[in-house]
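From first to last, the protein sequence lines are chains A and B. Under our numbering, the residue at position 312 of the first sequence is numbered 312, and the numbers go up by one with no gaps. To convert, count from 1 in the second sequence and add 409; that's our numbering.
None of these hints come from the bench; they were simulated from the model. Please note: incorrect hints may appear among the correct ones.
In silico lysine to any residue, SDA-like type, Cα no more than 25 Å apart, as pairs [stated by the list, open to error]:
id	chain 1	residue 1	chain 2	residue 2
1	A	K258	B	H602
2	B	K460	A	R113
3	A	K7	B	D489
4	B	K460	A	E111
5	B	K460	B	L610
6	A	K7	B	Y547
7	B	K418	B	G452
8	A	K7	B	Q470
9	A	K7	B	I546
10	A	K7	B	A488
11	B	K460	B	V439
12	B	K418	B	S449
13	B	K460	A	G115
14	A	K258	B	P608
15	B	K418	B	S551
16	A	K7	B	L531
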Amino acid sequence: MSPSIPKGVADYFGGAAQRRRQLETDLRELARAWGYAELIPPIFEYADTFLTELGSQSAETLYRFFDRDGQTLALRPDLTVPAARIVGSKLYDQPLPQRYFYAGPVFRFEEPRAGRQREFWQAGVELMGAGSPDADAEVLALAALALRRVGLTDFRFSLGHLGYFHGLLAHLDLDDVAARALQGALDRKSEDDVRALADAWGLEGPPREAVLGLLTLFGPQGDGVLTRARRLVLNEAMAAAVDWLAQVETQLAHYGIKSQFDIDLADVRAMHYYTGVTFKAYTPGIGFSVVNGGRYDRLVAEFGSDMPAVGCAFYLDRLLLAQTRQQGPPPDPIPDLLIFPCGCGDHVRLAQEARAAGLVAAIALGPEDPDRYPLRVRCRCDQTILLETPDDSRTLSVSAWPAFLQSLR
Amino acid sequence: MPLTIALPKGRMADDALTWLARAGWSPPVVEDDRRLVIPSEDGSLAYLLVKPMDAPVFVEQGAADIGIAGLDAVRERAADVYEPMLLPFGHCRLSVAAPANRPHRPLRLEISPRVATKYPRLAEAYFRSRGVSAEFIYLSGSVELGPLVDMADLIVDIIQTGSTLRANNLVELREIMPSQAVLIVNRASYRLHADRIQPLLQSLRAVISQPIENPW
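The shape of chain B in the complex, shown without the other chains (with noise of 0.2 Å):
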């Protein structure tokens, strides 16, 4: 049985498949881009591709023995697993934001703000523990729409350098939490497959404290 990994679609995956190569471990082979379950090219790993705020669910049901998620992903889904590491890439802010043309006032002075975001839950909590009753608008996707179209006074939304809020003439008003990717482990699979796992923890350790040579 292979160790089954969810990787999150998308640049983070690319990132997070360099540091696996680095440290070692047998790449994807690569044959049907379509494919949602694919075998390392030594058969030691199956590589699952889900949906970035997916990943640490399919970790915590141990669907996938490890993963590599966003801190901001592991934390809206609440997942209960293992983060043995911090990996050096994915670095983001989930973030309150509001159009650049909102009056300066403290967030705690807005009666029922309607709030657009991909994180109801880690959005909620914000407002909840700021005494702020706010109400949300979940959306999946383009979340810097809501204000646009005057469907939101605030999103809360994750900001790695900030052009897509310039481009929607929207500002930072404060930061929720910052995020990285992170090594996430399924709490049975961590001791049932420790014989594997601890390899693949201790081989990227190894990687990602090694000072990276400059490139130029």
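Here chain A stands alone, though its shape is the one from the complex (with noise of 0.2 Å):
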């Protein structure tokens, strides 16, 4: 049997496949006490649940597959979208906002890239049915603070809102070639390009100044952006845009994580189904956005239901990178305590009672590596057992055996 595995997948073993159920299980259960109940959609779906008009990929990055019956169907390239079936189909008449909270790998054909394997996990938060600057800051918040309980205190967000680019697309009136040669540039944040569109369209005036200061429209919250940006404002909904995000940022204040908010609202590449505020988190150590989210406020009405709707995932996998590279690589999970078999028996009971307490405990079978383990106990089958540690060994009565569990917990 040959070893290969296809491109684009992992196996996780060892200490990093400890450290990535205890990333998911850090998030679900702060997600949890925020109110957040799990979702679990299938992995495959039929194909045209994800090409719909707003639909989250393109279809050649799709995993498609016939089913015996004949259906396309696919592995799902996002959690987002079938969150939107679901509500927008089966429980919009459940009393809203409803919040959820996800894990679980997706699956994209597409050049493996750093932390992003054709098939890498997700995590995230949908809040569905709320359509306030208030929800979109909670969700903002709910993914900053879950960095900060993953270890990841050092991270920045980005945060713009897509009404602004689209009430200035609105305004210029651009047919569709223009209107992405002018998304792509703000993309590349490329002001050469920009200006030669704006020179190339003959502008003038405001929707010049609109134009190019767009690029400038970028820095951290309180250093003017939005004052920068109001006065760029050309429409109403632009204005509108400028409006929400600084209520949105009232509330990150609130939450005291403001500081760690940048504006940036040339940051205009999201996914097709957002509608207003779009963000990205970047933390050191590693070059791309661990986390992405933003408002998307037309896509469950594809499934049935119309409502608005803000959410965020987490690359789990570009986060445990993440973690590798600022924490060190995760150790490899070692039993806290390996109990050498006796002749009475009491072993189990030694084994179990120290599971019971919540370490880890496992009995010895023979090959193992004393040397390995922090700590080692023998049952002398006297009522005494013998604790034995890398640089110590000790004689244990066996009624103190509880009181000794509690002191290593």
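The two chains are supplied separately, each in an independent frame; assemble them into the complex guided by the hints.
Next comes the structure, spelled out in structure tokens:
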């Protein structure tokens, strides 16, 4: 049998597997504390679900295959679309707002890049049925506090609002090709390309200033970005986006995380379904965003019920990479105690009591290297046990075992 | 932690260092030419000297916070980086060239031309978009040799003055893209180190927009 595995998938084991599960558990517990209930969508669905007008992915990145009955199925390329489908088609008449958490693998047929294989893991939250800046701030704050929770305290969020760019496009009345050219130039932050487009379109006066000014609308909060953005506003939609962001800012200040947010109104690359606030999070040691999110007020309607929604996804593999680079590689999981079998059979009880006390206890089966274990336990079958650490050993009475276990915790 | 800047080894590095010095940034200490990571004299920067085609990769991955690269390399590697500023050097163009004695006919009439190139992604995209199913021969240098030894019918390569083409009896057929040096920035570094990257961008922009005094 060949040892090879397909391009784009990975085996996780040892400390890396443990750390990944821990990451997922930490995020799940935090989300639960904020009222987010778990949603478990299927791994594959009808391909059409992912190919709606606002659908998340272009067809060629979907892993598609045929069911026995000839239906085209697809492995899920993200979890926001399944969440929107479930709420839009099933849960729409349940009390709003609805808060959901999910975690699991997603699949995209793309060239593997750092921290993103073809199968990669996402966790995320979706807040459905609430269309206010406060809802955006809740998801942003949850994302930021989640990064702190998993030990990545040094992070920055970039916060934009697509309404500003869309308002500008509406004012300029550009065709699709021209709009995409401007979007691409802004996405590369290429001043030269943006200026060349403004020249080519013969823009003058306030529209020209608004287009050229977009790239300067970046900076930490309190840096006057929104004030400058307001000066360049050409219509109601752009003004509304600025007002919205100002309200999100106020909420973020209440959460005490405002200083870790930058405004970037030129960040115009996002999933097609985003309509308002968009954001990304970055942390040292990894050159890619580790969290992506935003408001998508039209996606749920594709599945039957019109309602506003906001959410974000954590790239678990990238968070793992960031943890490894900032905190070092994860240690291999080694049991706290190695308990040797004895003639009287008490070793089983010793092990069970240790496990019940929350410790990791393994019973020796023969091939172990005892030196790997921080604590070794030998039952002497006379109501005493011998405790061995790498540099010490001592005798303990069996009756003192429970108290000893408590002291280890 | 110094800001890390990837420079493409060769002539572009010299131009890049000249402009950085003009903008007031500390040059690399010159100790040992074989070193690949060279701190600046004042310790504020760390220079990474890399192959020109690799500079965008170092920046995309975040191994370097910023970099200077040819636009051709950025597009060939499809590097997902910010490109805030074109720089006034490294001008050239990526073109299709053929032996001078090639019969005059449009490229789209080629059935399955053999194309030698260092730019597989851009070359393939160019021919594919014209509906030509070319056979690509990937080389890492001396691409002009391809037609000479009848290994290739066409080449896709960088042209600066055209003298290399002429010396090898090749002519330029089509320009695929113009290229010049561009300052690139990692997407995460742009935000995490904005306090140091923004001043660097501003100082470079200031010296580039100054009219260059005529030396004569």
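Evaluated hints:
no.: 1; hint: K258(A) <-> H602(B); result: holds, 17 Å
no.: 2; hint: K460(B) <-> R113(A); result: holds, 20 Å
no.: 3; hint: K7(A) <-> D489(B); result: holds, 21 Å
no.: 4; hint: K460(B) <-> E111(A); result: holds, 22 Å
no.: 5; hint: K460(B) <-> L610(B); result: holds, 23 Å
no.: 6; hint: K7(A) <-> Y547(B); result: holds, 22 Å
no.: 7; hint: K418(B) <-> G452(B); result: holds, 21 Å
no.: 8; hint: K7(A) <-> Q470(B); result: holds, 20 Å
no.: 9; hint: K7(A) <-> I546(B); result: holds, 24 Å
no.: 10; hint: K7(A) <-> A488(B); result: holds, 21 Å
no.: 11; hint: K460(B) <-> V439(B); result: holds, 19 Å
no.: 12; hint: K418(B) <-> S449(B); result: holds, 16 Å
no.: 13; hint: K460(B) <-> G115(A); result: holds, 24 Å
no.: 14; hint: K258(A) <-> P608(B); result: holds, 23 Å
no.: 15; hint: K418(B) <-> S551(B); result: holds, 18 Å
no.: 16; hint: K7(A) <-> L531(B); result: holds, 23 Å
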